[in-house]
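Q: Those protein sequence lines, which keep their order, are chains G and X. Be aware that the first sequence starts at 1, since it is given in UniProt numbering, and climbs by one per residue. Be aware that the second sequence starts at 1, since it is given in UniProt numbering, and climbs by one per residue.
No lab work stands behind these hints, which were simulated from the structure alone. Note that this is a predicted model, so its numbers are computed, not measured. Heads up, some of the hints might be wrong.
Simulated pairs of lysine-lysine, BS3-like, Cα-Cα distance not exceeding 30 Å [what the hints assert, rightly or not]: (1) G:Lys113 / G:Lys22; (2) X:Lys310 / X:Lys336; (3) G:Lys142 / X:Lys128; (4) G:Lys113 / X:Lys128; (5) G:Lys172 / G:Lys236; (6) X:Lys325 / X:Lys304; (7) G:Lys112 / X:Lys128; (8) G:Lys18 / G:Lys142; (9) G:Lys22 / G:Lys112; (10) X:Lys336 / G:Lys172; (11) G:Lys172 / G:Lys202; (12) X:Lys310 / X:Lys325.
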Amino acid sequence: MTTAPRNVTLAVLKDRAKFIRKETVRLSRIAGAGHYSSTFSCAELLSVLYYDQMSIEPAQPDWPERDRFVMSKGHAAIGLYPVLADLGYFDPSELDTYTRLGSNYGDHPDMKKVRGLDFSSGSLGHGLSVGVGMALAARMTKRAYRTYVMLGDGELSEGQIWEAANCAGHYKLDNLVAIVDRNGLSIDGHTEDIMSVEPLDKRFEAFGWDVQRIDGHDLGAIQTAFAALATTTSGKPQLIIADTVKGRGVARMEMSLDWHVGNLVGEDYDDVMAELDAGLKPFEPEAAL
Amino acid sequence: MTTDMQDESEIFRGTTTGSTRLRDARSVRGTPKAGMPAFVLGEELADIADTDPRIVVATADLASANRTNDFRDRHPDRFVNFSIAEKNMITAAAGMASTGLIPYVATFASFAAILGAEAIRTDCAYPKMKVRVLGSHSGMSMGFYGSSHHALEDLAMLRCMADLTVVCATDANHLRAILRASVEHPRAMYIRLGRGRDPVVYDTVPEIEFGRALRLREGTDLTLITCGSQVRASLDAAEALQQQGISVRVVDMFTIDEMDREEIRAAADDTGAILTVEEHNVTGGLGSAVADVLVDLPRIRFRKHGVPDKYVEVGPPAALYAHYKLDAAGITEVAKSFLEK
Chain G
1 MTTAPRNVTL
11 AVLKDRAKFI
21 RKETVRLSRI
31 AGAGHYSSTF
41 SCAELLSVLY
51 YDQMSIEPAQ
61 PDWPERDRFV
71 MSKGHAAIGL
81 YPVLADLGYF
91 DPSELDTYTR
101 LGSNYGDHPD
111 MKKVRGLDFS
121 SGSLGHGLSV
131 GVGMALAARM
141 TKRAYRTYVM
151 LGDGELSEGQ
161 IWEAANCAGH
171 YKLDNLVAIV
181 DRNGLSIDGH
191 TEDIMSVEPL
201 DKRFEAFGWD
211 VQRIDGHDLG
221 AIQTAFAALA
231 TTTSGKPQLI
241 IADTVKGRGV
251 ARMEMSLDWH
261 VGNLVGEDYD
271 DVMAELDAGL
281 KPFEPEAAL
Chain X
1 MTTDMQDESE
11 IFRGTTTGST
21 RLRDARSVRG
31 TPKAGMPAFV
41 LGEELADIAD
51 TDPRIVVATA
61 DLASANRTND
71 FRDRHPDRFV
81 NFSIAEKNMI
91 TAAAGMASTG
101 LIPYVATFAS
111 FAAILGAEAI
121 RTDCAYPKMK
131 VRVLGSHSGM
141 SMGFYGSSHH
151 ALEDLAMLRC
161 MADLTVVCAT
171 DANHLRAILR
181 ASVEHPRAMY
191 IRLGRGRDPV
201 VYDTVPEIEF
211 GRALRLREGT
221 DLTLITCGSQ
231 VRASLDAAEA
241 LQQQGISVRV
251 VDMFTIDEMD
261 REEIRAAADD
271 TGAILTVEEH
281 NVTGGLGSAV
291 ADVLVDLPRI
301 RFRKHGVPDK
311 YVEVGPPAAL
321 YAHYKLDAAG
331 ITEVAKSFLE
341 K
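In isolation and in its complexed conformation, chain G is listed as follows:
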């Protein structure tokens, strides 16, 4: 597990993305509420990161040389917990306690309770600063690990993100990789209506970052983007803008403002599980809106 990338086949990665979505639906039912659509938009990204790209050692979560992952959009932790369990950080049966009194697994993740979690999150805008600290620490301690930070596009309105982006550029942290899950929606609407984030590439480039822009549901494109990072010696922090669809994988949730937090029950639950089992359907924006 310590050698990465592991060249996992696209079929396996696709299956793991489906697994992330199904577990999100299952765990949300336990909680009676869940962040479905924000998790679905980054399912492929999580799949490639954890199953293919990151150097990790689930039997030794504190391995100092491991790659770090910071889920800055902490509300997508519901999709990360099943991955960590799947990889062997803890017994998958623990997930059945999700959000129940005394559980280690809440809606936003607590690193002191979740084995394999590199940092706690939930308050948006903090994760890139955490990553800056981890990347600076790697430089100070002469370690080769890479730090990945998953950002939401809505959270880019937080000013601290830009403090961190500026700092990473200034200190030339090319061991830092930020991924923006550019799913286009925050809670109240389209990001470009609520508070624009574009031109996202130019904004980060102006702060001294290298930027790639990809289809965040195209597993091959994601792998290619990460492969391009591996040879980077640019002296620049690395940004991957992953254009995604909020709610991707369940037709009723795609680009819907109703499923940022929701609760699937009864026949709806069964229908969605069947839809996920059938695999990803093509995105049809007209139908979704």
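We have chain G already, so just place chain X on it with the hints.
A: Using the frame of chain G, we list chain X on its own:
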């Protein structure tokens, strides 16, 4: 008078490199006991870092003002200047701490504690990161720079956070003791500092333990429980009261959270009267923390003395301390008034 004002301004700006007197401000070494203690922050941390590779120091464009540049000069590869971006600094420090480093991040208390409060709670205390946030120029010690630069609310804001140890440095030697003890402390810390010209209380580096107060003077009629800048003033007030036949105990309650409950109980039992003295808003600070202990004890005479719940007047620090009765004369007056009622 003119000279004093120039010196003060230069210290505030951190450009203290000129005269002999100002050079003394850079290091406690060789400074006469009665002289200016100044900050020993960067120097002490550099000494610790000589043998401990985990120590990292960061500041937010105040390396001169808080003397972290003394650390930078000796350990440049373990120093980070985050510029004027305090939230990023505190959160990034937490990221560093997650890898096993022990970051000390320093800026003015108003920005470290009040602006940085959420980063301290969410990224340092909650995940139990060994980050040490150092807030200098606390209270109203920045005087005429105004309320934006004062920190008279920091203790109240931070003492209610779980898994955060809140301590106040009394003077240079006490700060050295705190920094040495902080290295192996298991929790996140907020360390409240004065402005670097704090009057001397400790002639040598004291033996300390977080959560255990230092009883500096014995007395039977009243206990002054105090911290930080007010310790020296309280000791001087106790001496003045002694001349008037009033026997006063003085306690340096430098750990605000977790507080030394036994020392408060002893003060209540032995003297039956407690006056808290703090350079902080009377709401929520040291006095309130002592009151939180006293509610569980048999009733005694108790009063809180500090800065009223208002933004303070403009003025040089010494004038403000006199105005708000937080100098020795003022504390003496307040204590007498308290005991006479």
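Q: Would the hint linking Lys172 of chain G and Lys236 of chain G be met if the CA-CA limit is 30 Å?
A: Distance ~5 Å between Lys172 of chain G and Lys236 of chain G Cα, so the pair holds.
Q: Take a quick look at whether Lys310 of chain X and Lys336 of chain X sit within 30 Å of each other, Cα to Cα.
A: Answer holds: Lys310 of chain X to Lys336 of chain X is near 24 Å, not above 30 Å.
Q: Going straight from one Cα to the other, do Lys22 of chain G and Lys112 of chain G come out at no more than 30 Å?
A: Status holds; Cα separation ~26 Å.
Q: Are the Cα atoms of Lys325 of chain X and Lys304 of chain X separated by 30 Å or less?
A: Roughly 12 Å separates the two Cα atoms, so the pair holds.
Q: Does Lys172 of chain G sit within 30 Å of Lys336 of chain X, going by the straight-line distance between their CA atoms?
A: violated, 61 Å
Q: Is Lys112 of chain G within 30 Å of Lys128 of chain X, Cα to Cα?
A: Satisfied, since the Cα-Cα distance of roughly 8 Å is no more than 30 Å.
Q: Is the hinted pair Lys113 of chain G and Lys128 of chain X satisfied, with a Cα-Cα distance of at most 30 Å?
A: Given that 30 Å is the threshold and the Cα spacing comes to 12 Å, the pair holds.
Q: For the pair supplied as a hint, Lys310 of chain X and Lys325 of chain X, is the alpha-carbon distance within the 30 Å limit?
A: Satisfied, since the Cα-Cα distance of roughly 15 Å is no more than 30 Å.
Q: Please verify whether Lys172 of chain G and Lys202 of chain G have alpha carbons no more than 30 Å apart.
A: holds, 17 Å
Q: Run the distance test for Lys113 of chain G versus Lys22 of chain G: straight-line Cα separation, threshold 30 Å.
A: holds, 23 Å
Q: Checking one constraint from the list: CA of Lys142 of chain G to CA of Lys128 of chain X, max 30 Å. Satisfied?
A: Answer holds: Lys142 of chain G to Lys128 of chain X is near 24 Å, not above 30 Å.
Q: Between Lys18 of chain G and Lys142 of chain G, is the straight-line Cα distance small enough, at 30 Å or below?
A: Violated: Lys18 of chain G and Lys142 of chain G sit about 38 Å apart, past 30 Å.
When the structure is compared with the earlier hints, violations turn up for hints 8 and 10 and for no others.
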